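Chains as they are written, first to last, in this note's numbering: chain D, 16 to 468; chain U, 16 to 468.
None of these hints come from the bench; they were simulated from the model.
It is possible that some hints are incorrect.
One copy or any two copies: either way a pair holds, since identical chains are not told apart in the list.
The calculated DSSO-like cross-link candidates involving lysine-lysine, where the alpha carbons are at most 30 Å apart (straight line), are [to be verified]:
#: 1; residue 1: Lys-248; residue 2: Lys-160
#: 2; residue 1: Lys-354; residue 2: Lys-299
#: 3; residue 1: Lys-160; residue 2: Lys-75
#: 4; residue 1: Lys-361; residue 2: Lys-160
#: 5; residue 1: Lys-184; residue 2: Lys-361
#: 6; residue 1: Lys-299; residue 2: Lys-122
#: 7; residue 1: Lys-184; residue 2: Lys-362
#: 8; residue 1: Lys-160; residue 2: Lys-362
Given the structure is predicted, the values throughout are model-derived calculations rather than measurements.
2 protein chains.
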Amino acid sequence: MPAVIDYINQHRQRYVDELFALLRMPTISADSTKKQDLVACAEHLARHFTDIGLNAKIEKTPGHPIVYAEWLGRPGAPTVLYYGHYDVQPVDPLELWKTPPFEPTVKNGNVYARGSSDDKGQFYTHVKAAEAYFRAGDGPPVNIKFLIEGEEEASGSNLDNFIAGNTKKLACDHIVVSDTAQFREGCPSLCYGLRGIVYMEIILTGPNRDVHSGEFGGTLDNPANVLGRMISKLHNADGKVLIDGFYNDVVELSAVEKAEFARLPFDPEEYRVSLDLPQLFGEKGYTELERVWARPTCDVNGVYGGYMGEGAKTVIPAKVGAKISMRLVPEQDPDSIEKLFRAYIKKIAPPTVRVEIITHGKARPVVVPTDSPALAKAREALRRAFGAEAVLMRGGGSVPVVETFKQELGVSALLLGFGLPDDALHSPNEKMSLEQFHRGILTSAHLMDLLAR
Amino acid sequence: MPAVIDYINQHRQRYVDELFALLRMPTISADSTKKQDLVACAEHLARHFTDIGLNAKIEKTPGHPIVYAEWLGRPGAPTVLYYGHYDVQPVDPLELWKTPPFEPTVKNGNVYARGSSDDKGQFYTHVKAAEAYFRAGDGPPVNIKFLIEGEEEASGSNLDNFIAGNTKKLACDHIVVSDTAQFREGCPSLCYGLRGIVYMEIILTGPNRDVHSGEFGGTLDNPANVLGRMISKLHNADGKVLIDGFYNDVVELSAVEKAEFARLPFDPEEYRVSLDLPQLFGEKGYTELERVWARPTCDVNGVYGGYMGEGAKTVIPAKVGAKISMRLVPEQDPDSIEKLFRAYIKKIAPPTVRVEIITHGKARPVVVPTDSPALAKAREALRRAFGAEAVLMRGGGSVPVVETFKQELGVSALLLGFGLPDDALHSPNEKMSLEQFHRGILTSAHLMDLLAR
Numbered sequence: 016m017p018a019v020i021d022y023i024n025q026h027r028q029r030y031v032d033e034l035f036a037l038l039r040m041p042t043i044s045a046d047s048t049k050k051q052d053l054v055a056c057a058e059h060l061a062r063h064f065t066d067i068g069l070n071a072k073i074e075k076t077p078g079h080p081i082v083y084a085e086w087l088g089r090p091g092a093p094t095v096l097y098y099g100h101y102d103v104q105p106v107d108p109l110e111l112w113k114t115p116p117f118e119p120t121v122k123n124g125n126v127y128a129r130g131s132s133d134d135k136g137q138f139y140t141h142v143k144a145a146e147a148y149f150r151a152g153d154g155p156p157v158n159i160k161f162l163i164e165g166e167e168e169a170s171g172s173n174l175d176n177f178i179a180g181n182t183k184k185l186a187c188d189h190i191v192v193s194d195t196a197q198f199r200e201g202c203p204s205l206c207y208g209l210r211g212i213v214y215m216e217i218i219l220t221g222p223n224r225d226v227h228s229g230e231f232g233g234t235l236d237n238p239a240n241v242l243g244r245m246i247s248k249l250h251n252a253d254g255k256v257l258i259d260g261f262y263n264d265v266v267e268l269s270a271v272e273k274a275e276f277a278r279l280p281f282d283p284e285e286y287r288v289s290l291d292l293p294q295l296f297g298e299k300g301y302t303e304l305e306r307v308w309a310r311p312t313c314d315v316n317g318v319y320g321g322y323m324g325e326g327a328k329t330v331i332p333a334k335v336g337a338k339i340s341m342r343l344v345p346e347q348d349p350d351s352i353e354k355l356f357r358a359y360i361k362k363i364a365p366p367t368v369r370v371e372i373i374t375h376g377k378a379r380p381v382v383v384p385t386d387s388p389a390l391a392k393a394r395e396a397l398r399r400a401f402g403a404e405a406v407l408m409r410g411g412g413s414v415p416v417v418e419t420f421k422q423e424l425g426v427s428a429l430l431l432g433f434g435l436p437d438d439a440l441h442s443p444n445e446k447m448s449l450e451q452f453h454r455g456i457l458t459s460a461h462l463m464d465l466l467a468r
Numbered sequence: 016m017p018a019v020i021d022y023i024n025q026h027r028q029r030y031v032d033e034l035f036a037l038l039r040m041p042t043i044s045a046d047s048t049k050k051q052d053l054v055a056c057a058e059h060l061a062r063h064f065t066d067i068g069l070n071a072k073i074e075k076t077p078g079h080p081i082v083y084a085e086w087l088g089r090p091g092a093p094t095v096l097y098y099g100h101y102d103v104q105p106v107d108p109l110e111l112w113k114t115p116p117f118e119p120t121v122k123n124g125n126v127y128a129r130g131s132s133d134d135k136g137q138f139y140t141h142v143k144a145a146e147a148y149f150r151a152g153d154g155p156p157v158n159i160k161f162l163i164e165g166e167e168e169a170s171g172s173n174l175d176n177f178i179a180g181n182t183k184k185l186a187c188d189h190i191v192v193s194d195t196a197q198f199r200e201g202c203p204s205l206c207y208g209l210r211g212i213v214y215m216e217i218i219l220t221g222p223n224r225d226v227h228s229g230e231f232g233g234t235l236d237n238p239a240n241v242l243g244r245m246i247s248k249l250h251n252a253d254g255k256v257l258i259d260g261f262y263n264d265v266v267e268l269s270a271v272e273k274a275e276f277a278r279l280p281f282d283p284e285e286y287r288v289s290l291d292l293p294q295l296f297g298e299k300g301y302t303e304l305e306r307v308w309a310r311p312t313c314d315v316n317g318v319y320g321g322y323m324g325e326g327a328k329t330v331i332p333a334k335v336g337a338k339i340s341m342r343l344v345p346e347q348d349p350d351s352i353e354k355l356f357r358a359y360i361k362k363i364a365p366p367t368v369r370v371e372i373i374t375h376g377k378a379r380p381v382v383v384p385t386d387s388p389a390l391a392k393a394r395e396a397l398r399r400a401f402g403a404e405a406v407l408m409r410g411g412g413s414v415p416v417v418e419t420f421k422q423e424l425g426v427s428a429l430l431l432g433f434g435l436p437d438d439a440l441h442s443p444n445e446k447m448s449l450e451q452f453h454r455g456i457l458t459s460a461h462l463m464d465l466l467a468r
């Protein structure tokens with residue numbers, strides 16, 4: 016171990032340089048013009064795995080390729096599967112980026128780049144820990160498998176199909192996923208729960224063309240007016256979601272979990288100020304952490320329609336739409352929630368417009384056991400790398416593959432996130448702390464050592 | 016007169032060709048990249064007026080130029096001022112145009128092109144009538160002035176300033192504005208009333224960046240959710256506008272006007288089908304014509320914010336907005352309505368978001384006397400050109416200059432529209448009937464003759 020840790024410390028700057036090479040690749044999976052950039056990134060990663068000492072292969076899919084690499088040189092030792100994704104979110108609104116999203120730029124110890132925290136700078140910690148074991152010794156103390164996909168930020172079933180079709184190849188004792196955030200800086204964290212999601216879109220059509228708001232206004236129900244009325248019916252004044260049956264299967268938090276949440280160093284005022292909000296808001300009767308980790312939500316992710324340019328145009332829009340997603344908690348079922356949403360939208364849509372409802376994606380909420388030996392080892396690895404006690408937390412987002420792993424491979428993933436809450440995932444100016452990146456690599460090296468025992 | 020009418024009939028096709036040259040110019044006043052195209056169009060028009068026999072001049076403004084032309088060769092005869100605008104609406108959504116907006120295309124006797132009906136194909140009727148008088152005789156029987164501006168479709172005060180500063184030059188006995196539509200085909204029409212407008216925009220800001228809807232959803236009031244709630248508070252279920260004091264100054268229609276509206280050949284079912292609407296809708300207690308001509312409205316002209324691209328992106332938007340305009344009727348005052356709107360928006364905005372309110376434009380509603388001798392002559396000119404009795408109607412749109420003329424020059428304009436209700440003004444596939452264009456020229460020639468007597 017000391018040689019491995021020394022190697023990681025000595026090559027700290029080169030590891031950062033290599034991460035930057037990865038960050039320069041504009042791997043936006045939702046953008047069809049970037050297809051070749053994703054292929055190039057997958058090839059780059061496969062070459063890198065081979066250079067380090069693993070057997071790597073690019074697995075083609077109907078969409079973007081999957082990179083799979085393995086080293087099974089420790090017969091009898093446990094096998095650890097590392098999951099990550101090399102694709103990134105779109106960058107719009109581009110004008111709000113202070114530095115170009117694909118030119119990694121260091122400021123105050125952070126690297127700013129799209130994908131720095133989500134997820135290139137996170138899964139790469141395990142790649143670099145493995146390298147250290149190969150270069151400073153005779154390889155890792157455990158068998159290792161890497162599954163790095165290119166479609167996490169785009170909806171699609173290609174990874175699920177690949178996992179279902181390769182359960183033998185992917186068989187393992189532990190799974191490590193680094194695609195979540197720490198509770199806060201100085202608070203190394205293990206995430207034991209994630210919310211699910213159902214992502215929908217509704218499109219309302221009124222007249223067969225945009226019409227002049229003077230010549231026609233007053234004779235018809237404006238789809239944009241209707242959209243507002245419908246959105247207003249998603250919640251009551253207390254922030255409760257009004258979709259019929261929405262809360263039926265929600266498991267209330269236990270008193271123990273509530274108490275644990277309350278012990279975490281969370282300051283609502285500091286949080287409010289960090290977002291520059293006049294005031295926080297959410298479902299009445301729950302704290303912020305309870306609401307974001309253990310209560311379901313319904314949020315409009317985007318609205319569009321009619322004249323959206325500068326200045327004024329006097330039209331009544333023919334078509335308007337809203338992207339609307341719901342975050343789910345145990346035991347809400349995404350398929351049932353989708354049905355309830357569709358039924359509710361049909362119920363609240365007036366007869367004056369036509370309504371189309373589209374499903375963009377679904378994922379089940381997940382909570383993993385907090386008393387497993389692997390989880391205890393992960394806490395110890397974090398303690399060694401960060402010099403602080405790790406906290407147990409949940410996340411408000413979704414990592415759908417965790418549920419797939421559970422179902423197909425029978426293994427609950429360790430959610431070992433090295434990001435920070437202000438990393439601006441999915442937002443302009445995404446960043447990753449280089450200190451956390453370094454400590455992540457150390458954590459991964461310690462975890463391999465502990466899991467081998 | 017017979018020689019003039021003969022000339023118009025003989026040169027019918029050339030007149031159309033000349034209109035097409037005008038329609039090919041992409042004179043979108045709201046698009047700053049088209050500035051030079053507007054200058055070119057103004058120069059083209061000035062040359063054309065000079066060729067016909069008028070004294071023409073390009074009047075520069077801080078914005079797009081005004082074309083002014085006059086011929087005062089009939090001392091003692093009345094003077095007629097013709098108003099029109101050579102600028103056009105933006106063309107988006109471009110993908111919905113069946114033929115390119117600036118390549119005039121003839122189908123079924125209509126020319127499809129942006130600006131064909133609004134307003135190039137309308138004001139040009141008077142230019143061609145004037146030409147016929149010059150070429151088939153010794154000039155028009157009245158003194159004529161043309162005021163053709165380039166900023167009608169963009170908000171701005173340049174024309175108002177020009178009129179206010181040139182009241183002597185523009186002095187006249189009659190004003191003719193052809194920028195409205197006929198009631199329907201076969202129903203030549205005189206418009207005696209127009210609605211006013213107040214065009215606003217509200218912008219709501221929540222968090223200081225787009226945030227991940229999983230990591231943050233539940234802790235803050237989503238500005239897109241809030242926008243929906245606020246839009247829903249603009250109307251009650253009966254279609255009444257809820258802005259406090261909105262109806263205070265509205266003059267109710269007289270029983271006589273209601274009866275006149277009811278006599279017009281309007282079929283709600285035919286209207287509904289023409290717009291492909293599931294159902295008509297509007298303020299309870301009023302007919303469609305009453306609602307669109309004599310009742311104020313409040314319409315969302317556009318909504319935007321968050322993720323508006325294809326597929327899904329899990330953000331809570333930092334900023335969302337809505338363009339909202341109100342159509343006004345006598346005696347609503349645009350300045351007062353703007354104040355009431357601002358106060359109401361502030362009242363219904365929750366403390367969880369920041370609100371910005373922008374004013375884009377305002378115009379006063381106008382109703383002109385229906386018993387003037389000039390109006391009687393206009394009806395007679397229409398009867399001669401169309402072979403049918405003209406109806407008196409109102410319009411739901413706004414032509415702000417009409418009020419300016421009344422105030423600055425003391426003359427009520429004749430609103431002599433040759434468009435048709437399905438011309439798709441401000442929409443994709445705008446068109447003008449070539450038959451109506453021709454009859455418009457004949458009407459203008461007859462009107463000059465009748466006004467001279």
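At most 30 Å between CA atoms: does that hold for Lys-248 and Lys-160 within a copy, between copies, both, or neither? neither (48 Å within a copy, 56 Å between copies)
When no copy is named, should Lys-160 and Lys-362 be tagged within, between, both, or neither for a Cα gap of at most 30 Å? neither (49 Å within a copy, 59 Å between copies)
Since the copies are identical, ignore which copy is meant and state whether Lys-354 and Lys-299 lie within 30 Å (CA to CA) inside a copy, between copies, both or neither. within (26 Å within a copy, 34 Å between copies)
Can you tell me if Lys-299 and Lys-122 fall within 30 Å by alpha carbon in one copy, between copies, both or neither? Neither way: Lys-299 and Lys-122 sit 39 Å apart in one copy and 61 Å across, limit 30 Å.
Classify it for me, Lys-361 with Lys-160: is the Cα-Cα distance of at most 30 Å met within a copy, between copies, both or neither? Neither way: Lys-361 and Lys-160 sit 47 Å apart in one copy and 57 Å across, limit 30 Å.
If the cutoff is 30 Å on CA atoms, where do Lys-184 and Lys-362 land: within, between, both or neither? Let me know, please. Neither: 47 Å inside a chain and 62 Å across chains, both beyond 30 Å.
Measure nothing new, just compare the shortest in-copy and cross-copy C-alpha distances for Lys-184 and Lys-361 to 30 Å and report within, between, both or neither. neither (45 Å within a copy, 61 Å between copies)
Reference check for the pair Lys-160 and Lys-75, CA-CA at most 30 Å: within, between, both, or neither? within (18 Å within a copy, 73 Å between copies)
In the structure shown, a violation is registered for the earlier hints numbered 1, 4, 5, 6, 7 and 8, in ascending order.
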